[in-house]
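Each chain, written out:
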Amino acid sequence: MSVMKKRLLVKNIILYIFMTLLAFIFLFPLIWMLVSSLKNEFQIFEDISSFKAFLPPAPNEGGYFANYVAAFERVDLFRYMLNSLIYTFGILICGLVVNSMAGYALARFNFPLRHFWLAVIIATLIIPPESIFLPLYVLVYNFGWVNTYTGLIVPFIANAFSIFLFRQFFLDFPKEIEEAAKIDGCSQIGIFFRIIVPLSKPIFATVAIFTFINHWNDFLWPLVVATEDQMRTIQIGLQYFMNQPPVQWGQVMAALTVTTIPMLLIFIFLQRYYVQGLAHTGSKN
Amino acid sequence: METNKKINLKPIRAQKRFNMKTQKTQEFINGYLFLLPALLLLGVFLLYPMGMAFYYSFTDFYILRPDQKQFIGLENFTYIFQDAEFKQAFKNTAYFALLVVPIQMAVALGLALLINQKLKCKVFFRTAYFSPVVMSLVVVSILWTFLYNPNEGLINEMLGIFGISPQPFLTSPNQAMNSIIVMSVWQGAGFQMLIFLAGLQNIPKHLYEAASIDGANPLQQFWNVTLPGLRNVSIFIFVTITIAAVKLLVQPMIMTQGGPLGSTKTLVYHIYEVGFNYRDVGYASAMAVVFTILVLIITIIQRKFTGEERG
Amino acid sequence: MSRAKLFCVFMLMVVLLAACGNNNQETSTDEGSSVDESQAGAGVTELSMWIHQSGEEETEFYKKRIEEFNEAHDGEIKINVEVVMDDGGSSYNDSLNAALVAGNLPDVLALDGPFVASYADAEIIAPIDEYISDEDKEDFVDSILQQGTYNEQLYSLGAMESSVVLYYNKEIFEEEGIEAPTTIEDAWTWDEFMAVAKQLTTDDRYGLNLFMDYGVGEWYTYMGAPFIWSNGGELISEDGTTVDGYLNGPESVKAFEYVKSLFEEGVVSLTPSETQFESGNAAMALGGPWIAVSAENAGLDYGMMPYPYSEVPKSPSGSMAYAISTQAEHPEAAYKVMQWMTNEESVIGLSEVTGMPPARKSAFESMEEYNELPKKIMRDQVVQTAHARPTTPAYPVLTDAFAQAFHAMALGEDAQSTLDQQVTRVERELRRFNQ
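Residue numbers (this note's numbering), protein chains in the order written: chain A, 183 to 467; chain B, -10 to 300; chain C, 1479 to 1913.
Derived from the structure by calculation, the hints contain no laboratory data. Cβ coordinates follow ideal geometry from the N, Cα and C atoms, glycine included. Just to be clear, a hint being listed does not mean it is correct.
Computed beta-carbon distance windows for the label pairs [unchecked claim]:
1) C:D1898 with B:L285: 54 to 60 Å
2) A:F206 with B:A95: 18 to 24 Å
3) B:F113 with A:F298: 42 to 48 Å
4) C:R1683 with B:G40: 56 to 62 Å
5) B:K80 with A:H297: 55 to 61 Å
6) B:G152 with A:F206: 20 to 26 Å
7) B:Q59 with C:D1612: 38 to 44 Å
8) C:Q1677 with A:F260: 52 to 58 Å
9) C:E1810 with B:Q59: 56 to 62 Å
10) A:R261 with C:S1739: 49 to 55 Å
Where chain A lies over chain C, by a calculated footprint (3+ residues, C-beta under 8 Å) [stated by the list, open to error]:
11) 1568 to 1576
12) 1833 to 1847
13) 1861 to 1869
Assemble the whole structure, with the sequences as input and the hints as a guide.
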C-alpha cells in the first residue's frame, strides 16, 4: 500500500514539475515582455542572452514605470486603445447577432439551397484576405467609409468560422424547448432571441473570444482604412514604436503589455464558457 | 363505421397537409430571414471583392495605373508555371503544412490529455498553455527572432549548457523553415488544445468504466475509447489547421522576410509581395485564384477521406 | 401572442441598435468634418497633404511648419495634413497604393525618393519645372535633384538628405594604432578597408557592422549599392530599359564578390545584435546618421570616416521627398507648400531636429557642425560623392532583387549566378514599362 502511495506521489511530483516546466515554456514571452517593460534599454539587451531576461530589474534603476510614462507621452495610446475597443467590439457584437442567426438558420430550418449556402460560407474560409484587400478598399472608399468606424467594422461582421461554430452548437440544441415555445405562440425571431440566445451562453462566449483574438491583432485593414491619426488602432500605434531606428525596446514592451492585457483579461473571464462552447465543434460534421 | 371514419379523417388530413405546407413556407421564410444579413454582408464584402479579384486575374492591372488595365486573357495564369518564386513558395508552403498539421495536432492533444487529469491549478495550466494564442503574432514573431539569434539568443545559450554547438536557425536556408514550424506550433497549439479538451469532456465516462472492467490498460483505453471518441473533433481540427497552415504569412514576413534564399517564402507571402510591393495586382490575383482553388481541392479531398472512414 | 411578438422584435432592435448605434454616430461626425473641408469658405484654396509618420520630434516639426504656412497664407491657402503611418517597411506605401486605386490621393504627398520615378512614370505626380526658379534649384544638392528627376523633368524636392558613413570606435582605433582618414581624398580603398577590418577582428569582436539585422529590404540596397557604383558598375542601363549586363555585369559581380569576402573573412556578422557597434562589439560600422544619435546616447567615443571605395568614391543618398498629385486642382498653391517645406528655414530646422544632413548647400554653410569633424564627412559625401538610387519605375522589384543578392553574398552564394537569377526577375518587370 505505502509503496503504491509513494509511487503515486512520485508520479504526481514528476507530473507537476513537467507541467510547470511546460507552463513556463508557454508563458515565457509574456514574462519577458512584462519584465522587459520595466527595464531600461541597455539592460534589456544585456540580459537577453541569460535567464536574467526573465527576472525583474533591481529596484534602484530609477522608476519601474518610466517606459510606460514615456510610451503614453509619445503617443495617444488611450485614443488608439479606444479605437481598438470600438473596432473589435463593433465587429464582435454585430457579428454575434448576424452570425448566430445565420448559424441557427443553417442548423434548424429546412429551406431550399441550405446546403449550397453552407458550402459557400465554408468555402469563403479559404480565401486569403490579403488577396481581396484592394477591391474591398475601393468598395469601402466608394461607400465613403474611409476613416470611419463603419468602414473598419462592417466588412468583417459576417464571418464564416463563427457561423460554422454557431451551426454546430445549434445542431445539438434540444428541439423540445423551441417546440414548447412555439406552442406558446412566440414567433421564430422571438424564440431565438428570448429563449435560445439566453441558453447558449457558452457558444456566444466562444465566438466572442475567437472574434476578439482575431480582430484585436488586425493590422493591414486598419492601416489602410484608418489613415487619420485619431482613427488609428492600437496595433498601428505599436508600429509607431517600432518604426524608426533606434527603436526604444523598453517602450515597445510597455506598449505591448498594454495591448495584450485586454486580451488576457477577456480570456480569463470567459474561458469557462469557452471550453463548453467548443465542445460542439466536432459533432455532426 | 368505415365511411364514418373516412369522413372524419378527411379534414384532419387536409389540415395536416395544410400545416405541412405552411410549415414549409414558414421554414423557407424564416430560414432566409435569419440567413439574409450574413449572406448580404458576405456577398458584398467577401464574394464581390473576390469576384473583382477573379476579374483582375485576367488583366494587367498595375496599381499605379488603375484606369489603364487591359484584358490579357490567361497570360497571368501561364506565367505562374514559369515563375520560379511561385514554385519555391509552393514547395515551402507544402512543407510547412505537411509538418505543422500533424505536429500541432499531436502537441495539442498531448496538452489536452495533461490538462484533462484530476489536477490542482488546472485553470492556471490551461491559461498558461493558451496564452501564446492571445498574444499578437507580430509580437510573438519579434520575440522569437531574438530567441533564435545565433550569437546571443537564449536558445543557443541553453543548447550550450547541454554541450550542443550554436545553431544558425533563421539564418540558414536549411533550418529557417523548421524554426518557424516550431514557433508556430508553440503559438497555435493552445487553441486546438481547448477544442480537444472539450472533445475529451464529451466522451461518456461509462465507456472508460466498461473498458476498465474488460481489463483494458490505460494505453488500450486511449486507443479504443479516447481516440475514437475524438474522431469528429479531430476532423474539425485537421481541416482548420490545414487551412490556417497554408495561409502562413506573418511569421516569415517578420522573422525572415521570406529568406534566407527564399527558403521561407510562402504562397500568401508571395501573393502579398507581388500585389502590394510590386503593384502587380493582375498577377497577384491570378495566383490568389489558383491558391484558392488548390486549397478548395485539398479541403474536398480531406472531407472525402475523413467522411468515408466514418462508420 | 402579439405582445410576445412585439417584445421579440423590440429586443432584436435593441440589440442591433446597441451594437451598431455608437458607430453610426461617430461616423456621421467624421463625414461631417470632411464635407466641411471641401466646401469651406470661398476664396481660400484648401489643399490636402500626406506626410509620413516618423519620430515624434520630426513629425511635430512638420506639423509646426505647416501651421506656420497656414498662418502666413491666412485667407489664401489652407493645408489639411494627415500623418500616415510609416513603419519603415511597406505600410506607408500600402496606404498610398490603396488611396491611389480609389482615386483618393492628396494634393501634396511625401514619398520615398526611389519611388518618385514610378509615380512620375504613371503620371500620378506632376513635374514642377515650370514653378521652380533656377536660383532655387541651384541651391539643392545634386543627389536631391537626381532622385527627383525622371525623363529629364523634375518632380520632387526633399528637405533632408541622408548618407552612410564609416563609423569607428575611437578607443579601439587608438589601441590598435590605426589612423582614420578625414577627407574624401584620403578615404580607404577596398584593400585598405579589408586589411583594417581584418586587423580589428578578434575572438570577441567584429571588425565591421553592416546592420544586417535590419532585414532583407531597402537598407541593403541603400547601404550596399555604392560598392557597385564605386567599382564603375551600374544597377541599370542609363536609359532605364534593361539591367542585363549592368546588375550582373562584371563590375557588379566583382563588387558583390568583395562583399562576399567581407563575410567569408569573418569581419562582419550576418546577425549582429541591435547595439553591436554602440557596445563596442564591432570596431567599425557602415551606418546611417541615426547611428551617431544612438552612439552618443550610449556614451561611445566615435568618429566618422568616408565610405570606402574601389575606383571612384561613392556614397548612398536619398530620403523622403515631396511631390504634387496630377489631380491637384491648384498646382501653383501646392507648389508653394512644397517650396515652403523645403526652403532654407525648413531644411535647417529639420536637420537640427533629425540629425540628418540638410538638402540645401546654403544650409551646410550656415550650420556650423557640418563644417567640422565628424559631421564634415557627411557633408562632403552629400555634396561630392552622393549617388541617387536608380530612377526607374521598376524600382520596387529592382531593390528587392538587389537586397536578395546582397543577402545571398552574406550566405556565401555564387555572385554571378545569383545576380543572373535576379536579373531575370527585374527584366520581366521592366517589360511592363518598355512597351
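message: Checking each numbered hint in turn, tell me which of them this model violates, lowest number first.
response: 1, 5, 9, 12 and 13
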